[in-house]
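Asker: From first to last, the protein sequence lines stand for chains A and B.
Using numbering that gives the first Met the number 0, the letters of the first sequence correspond one by one to residues 0 to 386.
Using numbering that gives the first Met the number 0, the letters of the second sequence correspond one by one to residues 0 to 255.
Since the hints were made in silico from the structure, they are not lab data.
Source: prediction; values computed, not measured.
Accuracy of the hints is not assured; some may be wrong.
Below, in silico cross-link-like pairs of lysine-lysine (DSBU-like), each with a Cα-Cα straight-line distance of 30 angstroms or less [stated by the list, open to error]:
#, chain 1, residue 1, chain 2, residue 2
1, A, Lys70, A, Lys201
2, A, Lys171, A, Lys225
3, A, Lys215, A, Lys342
4, A, Lys74, A, Lys225
5, A, Lys74, A, Lys140
6, A, Lys376, B, Lys76
7, B, Lys19, A, Lys376
8, A, Lys373, A, Lys201
9, B, Lys76, A, Lys373
10, A, Lys32, A, Lys134
11, B, Lys119, B, Lys32
12, B, Lys178, B, Lys19
13, A, Lys32, A, Lys215
14, B, Lys223, A, Lys373
15, A, Lys376, B, Lys32
So, partial list: chain B residues that the calculated Cβ filter (under 8 angstroms) puts toward chain A [said to hold, decoys possible]:
#, residue
16, Ser42
17, Phe65
18, Asn84
19, Tyr112
20, Arg115
21, Ile118
22, Pro121
23, Gly211
24, Met215
25, Tyr230
26, Ser232
Glycine residues also receive a C-beta, built at the ideal position from the N, C-alpha and C atoms.
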Amino acid sequence: MRSLLTVLGIIIGVGAVIALVSIGQGASASIEKQIAGLGSNLIMIFPGHARVGGVSFGAESHRTITLDDFKRLEKEATLLKGLSPMVRSGGQVIAGDKNWSTSISGVAPNFLEIREWGLTMGEFITARDVLARRKVAVLGKTVASELYGDADPVGQRIRIGNIPFQVIGVLKERGQSMGGQDQDDTILAPYTTVLYRMSDGKNINTIMASAVSTEKMNAAYAEITKILRAAHKLLPGDDDDFNVRSQTDIIETATSVTGIMTMVLGAIAGVSLLVGGIGIMNIMLVSVTERTREIGIRLAIGARGGDILVQFLIEAVTLSLFGGVIGILSGIGLGKMIANLIKMSIIVNPVVVFGAFFFSGAVGIFFGFYPAMKASKLNPIDALHYE
Amino acid sequence: MDTIALKGIKKVYHMGGDVKVHALRGVDLTVKKGEFAAIMGASGSGKSTLMNIIGCLDSVTAGDYFLDGVHVNDLDKLQLADIRNHKIGFVFQGFNLLPRTTALENVELPLLYDRRGRIKDPRKRAIEALERVGLGDRMDHEPNRLSGGQQQRVTIARALVNDPALILADEPTGNLDSKTSIEVMSVFQELNREGITIILVTHEQDIARYAGRIIMLRDGLILKDEPIKVYRSAADDLNVLRNAMDNGGNEEEIVQ
Numbered sequence: 000m001r002s003l004l005t006v007l008g009i010i011i012g013v014g015a016v017i018a019l020v021s022i023g024q025g026a027s028a029s030i031e032k033q034i035a036g037l038g039s040n041l042i043m044i045f046p047g048h049a050r051v052g053g054v055s056f057g058a059e060s061h062r063t064i065t066l067d068d069f070k071r072l073e074k075e076a077t078l079l080k081g082l083s084p085m086v087r088s089g090g091q092v093i094a095g096d097k098n099w100s101t102s103i104s105g106v107a108p109n110f111l112e113i114r115e116w117g118l119t120m121g122e123f124i125t126a127r128d129v130l131a132r133r134k135v136a137v138l139g140k141t142v143a144s145e146l147y148g149d150a151d152p153v154g155q156r157i158r159i160g161n162i163p164f165q166v167i168g169v170l171k172e173r174g175q176s177m178g179g180q181d182q183d184d185t186i187l188a189p190y191t192t193v194l195y196r197m198s199d200g201k202n203i204n205t206i207m208a209s210a211v212s213t214e215k216m217n218a219a220y221a222e223i224t225k226i227l228r229a230a231h232k233l234l235p236g237d238d239d240d241f242n243v244r245s246q247t248d249i250i251e252t253a254t255s256v257t258g259i260m261t262m263v264l265g266a267i268a269g270v271s272l273l274v275g276g277i278g279i280m281n282i283m284l285v286s287v288t289e290r291t292r293e294i295g296i297r298l299a300i301g302a303r304g305g306d307i308l309v310q311f312l313i314e315a316v317t318l319s320l321f322g323g324v325i326g327i328l329s330g331i332g333l334g335k336m337i338a339n340l341i342k343m344s345i346i347v348n349p350v351v352v353f354g355a356f357f358f359s360g361a362v363g364i365f366f367g368f369y370p371a372m373k374a375s376k377l378n379p380i381d382a383l384h385y386e
Numbered sequence: 000m001d002t003i004a005l006k007g008i009k010k011v012y013h014m015g016g017d018v019k020v021h022a023l024r025g026v027d028l029t030v031k032k033g034e035f036a037a038i039m040g041a042s043g044s045g046k047s048t049l050m051n052i053i054g055c056l057d058s059v060t061a062g063d064y065f066l067d068g069v070h071v072n073d074l075d076k077l078q079l080a081d082i083r084n085h086k087i088g089f090v091f092q093g094f095n096l097l098p099r100t101t102a103l104e105n106v107e108l109p110l111l112y113d114r115r116g117r118i119k120d121p122r123k124r125a126i127e128a129l130e131r132v133g134l135g136d137r138m139d140h141e142p143n144r145l146s147g148g149q150q151q152r153v154t155i156a157r158a159l160v161n162d163p164a165l166i167l168a169d170e171p172t173g174n175l176d177s178k179t180s181i182e183v184m185s186v187f188q189e190l191n192r193e194g195i196t197i198i199l200v201t202h203e204q205d206i207a208r209y210a211g212r213i214i215m216l217r218d219g220l221i222l223k224d225e226p227i228k229v230y231r232s233a234a235d236d237l238n239v240l241r242n243a244m245d246n247g248g249n250e251e252e253i254v255q
């Protein structure tokens, strides 16, 4: 019991590190999967001032991206494989006696290709639909389920806001995005339809593009920036009034956030380990004092100082490793519990586990050294007479 | 070769300031193999200091100490530890066994620190030592399941296990009652009959008389050093005591 209390600090420290790192690694893997799911070579262009180190989704600013920008890029960019604007609107969708509140995005026909997405039923938006500003809609899986259950919605009529649309297809299921949003809770329509019938006719929220190849990503970036700066009539000294972002940026941001989190919780873990180590030193000092006579006897019958030192050091390390093992098991348990709560899986890295084990042993050696040293330096005659 | 040869031993302690305590002022002493000597004296006579020096636990200020032919003065701390391990078997006053450890493991303890590595089967040695003191049937008992006399016998077994040149006992009966004290002394006497050299330090006359020689110290010097003319058997005394107690006598009176 006394041992358990002593190593509590170590248990907490190690447990925190293990839980945190496992969750963090699980989160990183999940993020990477999400981002890969966005579409490779994906570049996104937003309005707003470029910000260092930050990605702001939906930042509004003085200048926005317009249809002109889109057309310019379409005409002049050579390193882009596909371009699609994304015009956002939101509203109530009514189908028969069911309704659902969701967002509508106006996109171009090559949206599916750019986002590496597909359909489970029906067809996608065509160039003709765009030209004619047709009122056709492709439903995300969640919307389709909410409005139609398991029935086939293709061909059905729905109202989006006040406007009647015809359902022409259903998107494949995608799951949650990195930001925790349901990607299947959406409706896609031709961008001209949304822009002119539902929005202000000029401003678009995002332009999505995919570069011709991963190697050409940087060059594509530069090209887009050049074209847009010219389109926005920016002078050489002016900041960009738009943001060009790719997957890498998003990954970097996400990584830096988790990086900070790791550091903070690492600090907490470090403090706990320190407390645990001090606890061990304390208990070992008490133990040495309590066993002074025993140490005297050992010395008298032939133990050397070194033998005593090693004996007590081993005891300290055993204590700390004991705490370490409990900490590792608790940490894994805690990590799994939290992961269940936020519906994410964790990755338990054996390297981290081994490191935590080794580190708790090191804490034992470091904090056990002083008491062991004290024990080894006892004078046998004095020790034997200790009451 | 004498087991113990002390020549002109002086020991001075420096206590803070200029205070010097002359614990031993020039002691000459030899003890031969197979002897059973008792060192006696009042507190302050220097007997504890002499015992510490014989036991290689403390160094001398002047004089020479030869233990089994080895000149102890020259040895460093590590060598002293080895000498204590190989050549001396300690029996201390009070209970000096490791708690929560069996009798057998306690007896094996000196073998743990034996760096010569000559003993092939430490467990067997330990069992033999325990049988020799009559505790063969209690090897797996921990100290809290042993009586005072039995614990002291375990200590004696531990002192024997490394086949030492002598057994050094410091007030071995100090914490025991009269009957148990006599019991322990009979063990010593039997071991001495088998040829083991024993040096006993005590302040009790009744205990010292079971030895073969009494060395009396006073003020740091040997006052008297005489062999005991009439051998007194502890075993016999023990039997007398037991019979008397069985017949309903008071233990203290009988011992007198």
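Asker: Confirm or reject each hint.
Answerer: These are the hints, each one checked on the structure:
{"no.": "1", "hint": "Lys70(A) <-> Lys201(A)", "result": "12 angstroms, holds"}
{"no.": "2", "hint": "Lys171(A) <-> Lys225(A)", "result": "36 angstroms, violated"}
{"no.": "3", "hint": "Lys215(A) <-> Lys342(A)", "result": "36 angstroms, violated"}
{"no.": "4", "hint": "Lys74(A) <-> Lys225(A)", "result": "13 angstroms, holds"}
{"no.": "5", "hint": "Lys74(A) <-> Lys140(A)", "result": "34 angstroms, violated"}
{"no.": "6", "hint": "Lys376(A) <-> Lys76(B)", "result": "11 angstroms, holds"}
{"no.": "7", "hint": "Lys19(B) <-> Lys376(A)", "result": "25 angstroms, holds"}
{"no.": "8", "hint": "Lys373(A) <-> Lys201(A)", "result": "81 angstroms, violated"}
{"no.": "9", "hint": "Lys76(B) <-> Lys373(A)", "result": "17 angstroms, holds"}
{"no.": "10", "hint": "Lys32(A) <-> Lys134(A)", "result": "34 angstroms, violated"}
{"no.": "11", "hint": "Lys119(B) <-> Lys32(B)", "result": "26 angstroms, holds"}
{"no.": "12", "hint": "Lys178(B) <-> Lys19(B)", "result": "41 angstroms, violated"}
{"no.": "13", "hint": "Lys32(A) <-> Lys215(A)", "result": "22 angstroms, holds"}
{"no.": "14", "hint": "Lys223(B) <-> Lys373(A)", "result": "42 angstroms, violated"}
{"no.": "15", "hint": "Lys376(A) <-> Lys32(B)", "result": "34 angstroms, violated"}
{"no.": "16", "hint": "Ser42", "result": "13 angstroms, violated"}
{"no.": "17", "hint": "Phe65", "result": "20 angstroms, violated"}
{"no.": "18", "hint": "Asn84", "result": "2 angstroms, holds"}
{"no.": "19", "hint": "Tyr112", "result": "4 angstroms, holds"}
{"no.": "20", "hint": "Arg115", "result": "11 angstroms, violated"}
{"no.": "21", "hint": "Ile118", "result": "13 angstroms, violated"}
{"no.": "22", "hint": "Pro121", "result": "14 angstroms, violated"}
{"no.": "23", "hint": "Gly211", "result": "25 angstroms, violated"}
{"no.": "24", "hint": "Met215", "result": "23 angstroms, violated"}
{"no.": "25", "hint": "Tyr230", "result": "31 angstroms, violated"}
{"no.": "26", "hint": "Ser232", "result": "30 angstroms, violated"}
Hint check: violations occur at hints 2, 3, 5, 8, 10, 12, 14, 15, 16, 17, 20, 21, 22, 23, 24, 25, 26; the rest are consistent with the structure.
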